[in-house]
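What follows is the residue order along each chain.
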Amino acid sequence: MRDQSFVRINGLHKSFGQGAVQVFTGLDLEMSRQDRLVVIGPSGGGKSTLLRCIMGLDPIDAGEIRIDGKPYVSAGEGSQKNRIDRAIQRQVGMVFQHYTLFPHLSVIGNLILAPVTSRGEAKAGATQRATALLERFGLADKARSYPAQLSGGQKQRVAIARALMLEPRLMMFDEVTSALDPELVVEVEHMMVELAEQGMPMIVVTHDMWFAKNIATRVAFCAGGVILEQGEPAEFFSNPKLSRTRDFIVNVLRAA
Amino acid sequence: MDYHLNFFFVLRDFDKLLDGLVVTLKLTVLANAMGLSLGFGVALLLGSPVRVVRWTATAFVEFFRCTPALIQIVWFFYCVPILFDVFLDAETMGLLALGLNLTAFNAEAYRAAIQAIPRAHLDASIALGLGWRARILHVVFPQALRMAVPVLITNAIGCFQQSALVALVAVSDLMYQAKTLSTQTYRPIETFTVVALIYLAISFPISQLVTYFERRNIRQMGG
Amino acid sequence: MTYHFSFGFMLDYWSALLIGLTTTLELTLICVVLGALLGFVVSLMRTSESRLIYAIGSVYVELFRGTPVLIQIFWIFFCLPIVLHVEIGNLSSAIIALSLYMAAISSETFRAAMKAISREQHDACVALGLAPLAKITRVIFPQTILRAIPTLLSNTVSLFKESSLVSAVGMSDLLYVGQNIATRTFHPVEILTTVAFIYFAIAFPLTRAVTVVEQRLLRKIDA
Chain A
1 MRDQSFVRIN GLHKSFGQGA VQVFTGLDLE MSRQDRLVVI GPSGGGKSTL LRCIMGLDPI
61 DAGEIRIDGK PYVSAGEGSQ KNRIDRAIQR QVGMVFQHYT LFPHLSVIGN LILAPVTSRG
121 EAKAGATQRA TALLERFGLA DKARSYPAQL SGGQKQRVAI ARALMLEPRL MMFDEVTSAL
181 DPELVVEVEH MMVELAEQGM PMIVVTHDMW FAKNIATRVA FCAGGVILEQ GEPAEFFSNP
241 KLSRTRDFIV NVLRAA
Chain B
1001 MDYHLNFFFV LRDFDKLLDG LVVTLKLTVL ANAMGLSLGF GVALLLGSPV RVVRWTATAF
1061 VEFFRCTPAL IQIVWFFYCV PILFDVFLDA ETMGLLALGL NLTAFNAEAY RAAIQAIPRA
1121 HLDASIALGL GWRARILHVV FPQALRMAVP VLITNAIGCF QQSALVALVA VSDLMYQAKT
1181 LSTQTYRPIE TFTVVALIYL AISFPISQLV TYFERRNIRQ MGG
Chain C
2001 MTYHFSFGFM LDYWSALLIG LTTTLELTLI CVVLGALLGF VVSLMRTSES RLIYAIGSVY
2061 VELFRGTPVL IQIFWIFFCL PIVLHVEIGN LSSAIIALSL YMAAISSETF RAAMKAISRE
2121 QHDACVALGL APLAKITRVI FPQTILRAIP TLLSNTVSLF KESSLVSAVG MSDLLYVGQN
2181 IATRTFHPVE ILTTVAFIYF AIAFPLTRAV TVVEQRLLRK IDA
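Chains as they are written, first to last, in my numbering: chain A, 1 to 256; chain B, 1001 to 1223; chain C, 2001 to 2223.
Don't read these hints as lab results, they were simulated from the structure.
No residue lacks a Cβ here, since even glycine has one placed at the ideal position from N, Cα and C.
Mixed in with the good hints, there may be bad ones.
[What the hints assert, rightly or not] Examples of chain B residues toward chain C, derived with CB under 7 Å:
(1) Trp1075
(2) Tyr1078
(3) Ala1196
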């Protein structure tokens, strides 16, 4: 049986341009600590926006996000801004589609910047941790390199390592392999699989059905601003309940 | 020092300032006529396969872009009559200098715009069998013009402001009238402020036009 | 052409020209540094949430970009002492005027550089929980400077050329000295041409350097 919810989203409403474009119309989602949730769906269906809202990058209009039962992101009343629990926000890590490594800093520099400047960690200690992290994921020889000298796959792995430096309790991946050449996708997913094996809860938005089928513990289909369907991968892919889900899966698999 | 702001003196002789403005506008418009048309011609020369032509055009453009406009104007004013035994009035000399200066800057703007035309368009026009002249007229020129418009307008505004320099060689433009009036009335603050505002009143709206065109370009040139 | 060139006499005057050139270069250098610093501050003002601060910054920039530099110089030279009730020396006036101008044009440069930093860099800072001050000093500021360098170089060349305008208010820069010698020796062609070449010899390599620097920097930054 699933233990108590780790991440719980209730009644999420969000629009852009003061109601002009409705993104979420009452989205609900639950995730346990053992879960590796993969969110799939058509472009513009709101997958990336969902992650951004959980990260606190975009404001929500109504609804609530709780982590470990504690309120994390709550919509403000009327015109008030969202209330975000910063302590919880610091425990959520996110990696984006386009590397976003800081180009003027070396790999090590990228990794220790946040811990040293914003978490009061000593530079020596942070550097040690960073080096250990890089070694763990086979990037030790790139420690002094600059982003411009790395391949796409290496950049993404460094980006993941950078997020891991903050010892998050939840990791989110927003289409991190979509911009990569096919042969570089493997090394990044390998790293994500390792993280999964070490028990890191994660929410992954991806177009890669291999990952959804083999690594996810739950798959959610997000379209039209709500989670239309979700379930365990085996069940989900062989027996989708809605025809819309079925159409999407068929099309994506055909294109793969 | 006791100085009381009094704009009366400026307003009384405002018509003199307007006369100067007319001269300034005349210079600007004519210089732009020259710069917009000759500039495109020079831009084509810059891309010529003939090395001598290309280098001469480059030398022309670089010389006018890398030397102060004031020295160009002064040079035209003092040296051209001596060198070529021609005696044109100061206004024409100033116009020549401003016009050639603008030509050089516009040539550079056109050149950048031409280079930005996707190679695919040129290939397509060759594949369609368009002759050299037709290709230039119907493919290169329209697209180059559209891309270059923001820069061309910015250069035009720059020319408008640079025209003030001809006052230093005694051409009776707006700046010259400002200088004269400020000395006559002992009211430099009022005079120069009013004249500065006149320049601003014309430059600013046109520069907003540039922003408008730049936004339109981004929207329309998506393909 | 009935003009007989004679460059021989120029050897007598080369030291005067050198002094003029030194003045021009010193002036340019000082104003570039002061102007760039002020320009960065102004560009920050234009990203401010406060409407007042934003307005002050914008008005300042539009004012200095929408009026001829010549009028700005005249105003600082003739009107500012009256307004402030203090005497301002030639050099100080020139520095004030040209620095203010440089600040206006460089603030646009910094603004464009800041905008070029992609939104995702900002997102990454949030995702990493980076403190606001750390974000500005360690992420935004370094990248802004790096991206701005090529255009700043270009701004410097512009300032170098505009510096020749101080000759119009009697400051002994390169152009002033040149014109002086020209009138005294009745050989305007040789002198003015030489002065033009001196300006060119400095501005041209700098302009070429801009392209090289831009390519090197882009390679380093645009991963």
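Structure-based check of each hint:
no.: 1; hint: Trp1075; result: 5 Å, holds
no.: 2; hint: Tyr1078; result: 4 Å, holds
no.: 3; hint: Ala1196; result: 5 Å, holds
Every hint, counting from the list given before, is met by this structure.
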